[in-house]
Structure formats: C-alpha cells, structure tokens
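Peer 1: Fit chain B to the given chain A structure using the hints.
Number of protein chains: 2
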Amino acid sequence: MQDVIDHLEQNQEAALEQLKELLRIPTVSADSAFADDMRKGAEFVHNALQEAGLSVKTIETPGHPIIYAEWLKAEGAPTVLIYGHYDVQPPDPLDLWTTPAFEPDVRDGCIWARGATDDKGQCWTHVLSVGAWLKVHGSLPVNIKFVIEGEEEVGSENLDVFLEQHKEKLACDVAVVSDSSQYAPGIPAITYGLRGILACEVTLTGPNRDLHSGSFGGAVINPVNALCRLMGMLHDDQGRIQIPGFYDSVIALTAEERAQFASLPFDESEWLADLGTDAPAGEVGFSSNERRWARPTCDINGISGGYSGEGPKTIVPSKATAKITCRLVPDQNPEQLTAALKNFLADNLQPGLKFEFTSQHGAPASVADLNSPYMAAAKSAIEKSFDSVPVMVREGGSIPVVGSFKEILGIDTLLLGWGQNSDNLHSPDEHFSIEDFHRGTAASAYLWQELANG
Amino acid sequence: MQDVIDHLEQNQEAALEQLKELLRIPTVSADSAFADDMRKGAEFVHNALQEAGLSVKTIETPGHPIIYAEWLKAEGAPTVLIYGHYDVQPPDPLDLWTTPAFEPDVRDGCIWARGATDDKGQCWTHVLSVGAWLKVHGSLPVNIKFVIEGEEEVGSENLDVFLEQHKEKLACDVAVVSDSSQYAPGIPAITYGLRGILACEVTLTGPNRDLHSGSFGGAVINPVNALCRLMGMLHDDQGRIQIPGFYDSVIALTAEERAQFASLPFDESEWLADLGTDAPAGEVGFSSNERRWARPTCDINGISGGYSGEGPKTIVPSKATAKITCRLVPDQNPEQLTAALKNFLADNLQPGLKFEFTSQHGAPASVADLNSPYMAAAKSAIEKSFDSVPVMVREGGSIPVVGSFKEILGIDTLLLGWGQNSDNLHSPDEHFSIEDFHRGTAASAYLWQELANG
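Chain order of the listed sequences is A and B. FYI, the numbering for the first sequence is -19 to 434, going by my numbering. FYI, the numbering for the second sequence is -19 to 434, going by my numbering.
Hints should not be assumed to be uniformly reliable.
When chains are identical, the list treats them as one kind, so a pair holds in a single copy or across two.
[Said to hold, decoys possible] Pairs of lysine-lysine residues, derived as DSBU-like cross-links and limited to a Cα-Cα distance of at most 35 angstroms, are as follows: (1) Lys293 / Lys20; (2) Lys359 / Lys299; (3) Lys334 / Lys322; (4) Lys115 / Lys322; (5) Lys0 / Lys293; (6) Lys0 / Lys147.
For the record, the hints were derived by calculation from the structure and aren't laboratory data.
The shape of chain A in the complex, shown without the other chains (with noise of 0.2 angstroms):
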C-alpha cells in the first residue's frame, strides 16, 4: 500500500498537469457549439483511462458518449462502480472569471477553472489512485469499472437507458462518487443519505376570463384567493404538513444521528446572514441541518395568477397555479404521497373552482446503510488520507444517479466529496484545493485496499 502512496507523491506535478490538460478542454455539454470539444473530452478519457491500464470502450449514446472501463482481474475481490462526469457548466458570466474558464490557474493552493471540483478535478482523484495501483503492483485489491459520462449537467438523459441495457456487464458491489463536498475545510464528510421527491402543478380556474373586479368581485370564486387559501393549509403553525398520512412512513432520525449532526460546527447566524434572512424556519423540534437533510419538506417553488405588472389591475382573476416540490425522506414513497397530496387539495376545495393536477417527477430518498462495510472501508481510507475521521451528513437534495444505481443496479453509493461547498460550483471562479486533490486521491488509493479487506 505505502508504495502506492509513495508513487502518488512522487507523481503529483503530473496528476495536476494531466488535470490542467483536461481542464483546458471546454466540454460544456449544453451548448452544441462545443460539440467537438465535447469529443475532444471523450477521448481524452477514454486515452487517460487506456493509459492507466483498464480496458475502455466508448459507448455513443443519442447525446454524448459515456466512457466505460473495467479492471477485473481480483477474483473473489468486490466489485467496485465508479462514477463520474466529463461534462461541465457553461462558464457565463465570463467576465467574472478573474481567470479564463477554460486556462486552469494555480494560486492561493487551488486550481481555478471550470470544472476543476466539478467534477473532472474530483473524479480524476480515482482515475490516478487506479492507474497508482496498476502501475506499481500490476493489479488492483478490488475489481473496478469506471463509467465517465458527459451529460450530467444537461439532466443524464441517456445514462439510465445505458445503465438498463449494461446491467449485467455493470453488476457490482457498490458504487463511488466524488461529486460533492467535505462538510468544511478540514472536515471531511461521507453523505450517507439523500432526500427525494415529488413535484406537481396545481392550477385552480374560477371564471373563464378575467373579471372586473368591481362588477363581479364578491359574488365570483377568486381562484388566487382560493389557491392561498390551500396552499396556506398545507403547514399548521408548528411546520408541519397538514396532508394526511404525510409523516406515516418517515423513519425518525436515531438519536446517534441527531447527535452526530449536533455535533457539527455550524454557525446559524452567520449561515441565515448569508442567506439574507434573520430568522431560522421550518418544523418545531428540529435543528436546521436536521430540517434541510432529513425532514420532508413541501415548498411552491413558483405562484402565479392573475396580473403581475406594474400598478394595480382591478380584476377577478380566470386562473392560478403552483408548482409545489416536496422533499421526502425514507421511507416515504413519491407516487402515494402524490396522490396523498392531490386528495388533499381536492378534498379542500371551494365550490366553483376547476381543479387540474400534474404530476410531473418523485424519486425515493435514500439512505446508505451506516453499518456496511462498505461504509466501514470508505471511513478508514478517508480517515487514513486526511487524518480526520469523516462526519456523516446527509444532504437535502436528490443526486439521480444514485436513485438509478439502486433502481437498476440494487446497490448502494458512497459520496465521498473532497470539495468544499465554497468551490463556486456552477458559479465563476470556479476551485479546488490542490492539497485536497492529492488527499483525494490517496484517500480512493486507499479505499480499494479497504474494500478488499472489508
């Protein structure tokens, strides 16, 4: 293992210089301008993962290709699916850059450029921790399939139809993904669960033109004042959603995690104070982490009805709608709390109203299990790399693909982020730290020793 180590050490101009090179190929997916590049980035995979002693194949899909690579030479080892993505944002606005996007930059210890935390910088980490291992001992601890695609950014349209068709050449034990972030720096953090979701359209039509509110006001169902008045229903005083049923299968946080969440630093002043607000808000009884990682939420993302101008327009509105989204923890399931929801709004609507509902997306939460030894594997090896025992967090949001790896493949994920939440992810002046980087990177070394061990 210390010769692995060693040869990362030995090698880490080279890893950044090799990261720089990828770096400089603008592989904005989104933009079909940047359809070479896009190639130009595939095969420069596809070439890197050649190099470091995998077998590779490029898979064309209806969009951009994925690259698949494998190494499975460990017999009786576990079977490891790496995840990753080759694509990035657009760099708009350019002009805020205090670099050029797309010339990687060295200074104050990060590397800036788009792309370089997500995900290319992150996801090299495995890259060169594999080739580490090939390179000195010829061979792997574990079996390892890498599968690099280019369309994370524009929604992964054509990676569950590739996970679907490959599933028995994709079978494995459990998947890694380096696309999030340490909890801060020099806390590095496993994220062991994910919210899920359901979205929906609510609109509501009273009278079938606008009316004036003069003549009609009054004596006319106003279906803005009617939406409110649901929507207003929705929480109770105390936070909680008022849909029947809502909290029924909600596995409660174990008191080890809340204390584990407890523990974490956080200052909410200086968090809210970001944020522009003066005052923490949600569910009675819950912290803020506890709130935006692990309880349900219902949120309209979006209202709108009647006359949104300038001044005022004394009319009887025809129509109101809302988009609602309500993040869900295991084991809540999408499609009943969907119906569970529509009820809800129906079953509380005034007289007068058309009622449409749709339904348009819900993805299960997901917890890994905290006791695996996966799990077990991924603490050790970080631990080992960082000198820090990583925090385990959970993270309010869906990451789809490992809804897809559970759904197709039945496996778990491990996050294991080496990045920080202020990489500028998606933003200008996009970073990552060097020194994290290189721990990134011998932390994966690592891992595919834990792996087999465990």
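Peer 2: Only chain B this time, still in chain A's reference frame:
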C-alpha cells in the same frame, strides 16, 4: 311640456342623423394617431351645443379639450351639471365588427358603431332634450351646465384639475350622468350606489436569492408559502373578511333595499354559466347581487413569486408579491382600512421575512340619497318616458367622476343609464337601441321639468 315631447318626436330622424355624424368621427383618445379626429370631435360637440342655444367654451387641457356649455337663465331654479364624454374606446379587433366601427349602421332596431352607447349616444340624449326645450320655449325650467370631456377612456387625467380650477363656475345642485345601463331590456334603472376601493401591493422577501430547494428547503422561510398563508387568512370559511375592524363602519342594507334587489329578475345559474363557473361564491348570508353591489370584498388581483415557466424548478423563491384590492361600501374609510390591512398582514407575518406594503389608491363608496327630491324627479321622468318605474340598483365598481363631483363640488350624481349591459361597450359591434335613444331623450326632457317642480 308636451310641446317639447312632440318636437322631439317630430325630429327623431334628424336627431339620429346628428348622432351618426358624431359617430363617424373616430375619437379614439388612447391613440395619438387620432389626435386630429379628437379635435374634430370636440368641435362637433362645441358647435352642436352652440346650435342648441347654450353658451359654449372649449377648454384646452394638457390632453384632449373639455367642452363646457351653460344656460343659466332659470332664476331661482336648481342648477344641473350634465357630464358626458366624446372620446371612445379603440375599435380593435376590427375584423370582429359586422359593419365598420366608424360607419354607423342601423339594423335590428339599433345603431351600431363605436361610441353608440358609450358615451356619444347616451350623452346626446341630454344635448337633444336641452336643445328641444330652448327651441320650443326659448328657455329651460332649470339651469344647465354641460361638461363633456375627451379623456374618459384614458383615465380622465385632466378632469379633476379642471373641476378644481372651475369649482365656482361649476357650482350646481346635482349632476346627471348617462353612461351606464338599464337593469335589463324593459327595466330602466337608477344606479344609486357605487362601491369604493382600496388598492395595495404586498411583497415578502425570504432569502436574498432563489435557493436550491434540496439543499435549503425546510430550513429557510419560503416567501411564497408564507404569502399564501397570509392571503389564506384574509377570509374565514364563511367568506367573511378577517381584517380587524373591517366591517365596523359598514352600513347594512335596509330591508327595503334587500327586498328591491330580491325582486329583480336574476337568473343566477345562467349568470354563472356565462362566467364559466358552476357555483356561487362569497359571503354567507347574502345574495349574488348583494355581494357584488353592496358588500365589501378583498380580492387578490394578481400573485407572483418564484418560477412560472414550463415544468418544475426546485427552488425556494426569494420573493413573492400579491396585488390586493378591497371593494368598499358606505361608510368604510379607505385610508383606515388600508392601515388595518397592513397591520393585519404585519401582525401575522412569520419570522425571517422582509415585509413591504405599498398603498396604491383609495376611494370611498358612494350612495345617493334615495329620498332626495332629485331622485324623485329622476324616477318620475323615467317613468313618464319608459312607461315603467325604474328599479333602484347599485353597481359594484367605482365611477371616478361621481367621487370627484362629490369631493370637489359637493354634489350627488344621478346615474341614469339608457343602454343595456349587452350593448358591447368596449367590444366589437357596440350598439344602442334606437328606441332607448329616443326614450332616454324624452326622459331627459321630462327630467328638467321634474327637477324644477321638485
């Protein structure tokens, strides 16, 4: 009196021809392309009033001119101010007119043209009746002042300034306005009450930017949820407005008024079907006509916040805005209730929000004295001409000029509508019953006598 009526009957054809001539002038006040026509329209009115025997003045304003005319030789008799407007709504969409908007056509007992009812045709009844009196008798039983403006369809911006500046010149006992409708064909009406209004806008700001609803949702105040909650508190389940003190100054309808409203033919299901809704709505314990004419309201005219494009967007929005108008009834005070509404919202605000409240405008309701001699005169005049006792109705909207007359000149207004609700005011194929045109003219001629007798 009969001489005047006979004269009017003998000259009906000429009267209609004169109206047609006025209708041919496209006096669209909203569109500067018609500026020359507005001038022509003003001149036409000026000359017609002069020919009728009044002393006339065209008063320039920063917008379109106001025609003022007077005949003040009925010493000791009441002075009546007649208000009308010579400007019209734009005729668009042109292709929906059966015959061109500015080529008046006579068919089905009506005259069809933009302005036929609103307000050239209705206004002209008074010009004709005054002219007939002066022609037949060389005098009128009352003193008459005409104010015919050219900016009613664009907000009468310069009228109040004119009223203020000529307050003494305009001194009078009562105003007469024919710019409304009968209750239904064969059911002439006097509109004796109008609702007032208060208009405001409320904006709630939560976080200083739209936030990812996964990473933040549940732990940060959502201003759209919060605004809906507040708006949902405006009414109870009986449709009663919950702003403290809101009903304190409301003068209840008398038993006579309720009986009068209840006696009017009103097919509620047909009315609702036309509006495209299948159930009446509003304050429990009142009929639809009571609700729209004589009960206060609190309608959200528009709401916006967060994402309103296609599909879902998983954000906690930063802001949400609602535009609210309350229709007011006597003796509610718009300033006091604006403050009460603001306090109600502020008092019920959840923590973590920034609250902005803008008061936009306010006007009190008005009810004319049902027992005044003017009202008796109007009833009697209408009964004589229409062979039917007029019903006493209210209107749920505001007619700003009525408020201005009350506020600046201190007088009540008799709202004597000769048109029908179905005359397509502001729509293609505007028209006016020729029979009602002549009946209205006769009623107007009777009115001067009745007012003198009163």
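Peer 1: Taking the hints in turn, state whether each one holds.
Peer 2: Quick rundown of the hints versus the structure:
Only between protomers do Lys293 and Lys20 lie at most 35 angstroms apart by alpha-carbon distance; the minimum there is 32 angstroms, versus 55 angstroms within a single protomer. Proximity of Lys359 to Lys299 under the C-alpha cut-off of 35 angstroms is found in neither arrangement, the shortest distances being 53 angstroms within a copy and 41 angstroms between copies. When the C-alpha separation of Lys334 and Lys322 is checked against a cutoff of 35 angstroms, the pair qualifies both within a copy, at 13 angstroms, and between copies, at 31 angstroms. In this assembly of identical chains, Lys115 and Lys322 lie within 35 angstroms of each other by CA distance neither inside one copy nor across copies; the values are 58 angstroms within and 72 angstroms between.
With identical chains, the CA atoms of Lys0 and Lys293 are at most 35 angstroms apart between copies only, with a shortest distance of 33 angstroms across copies and 56 angstroms within one. Within a single copy, Lys0 and Lys147 get their C-alpha atoms as close as 33 angstroms, which meets the 35 angstroms cut-off; across copies the closest is 81 angstroms, which misses it.
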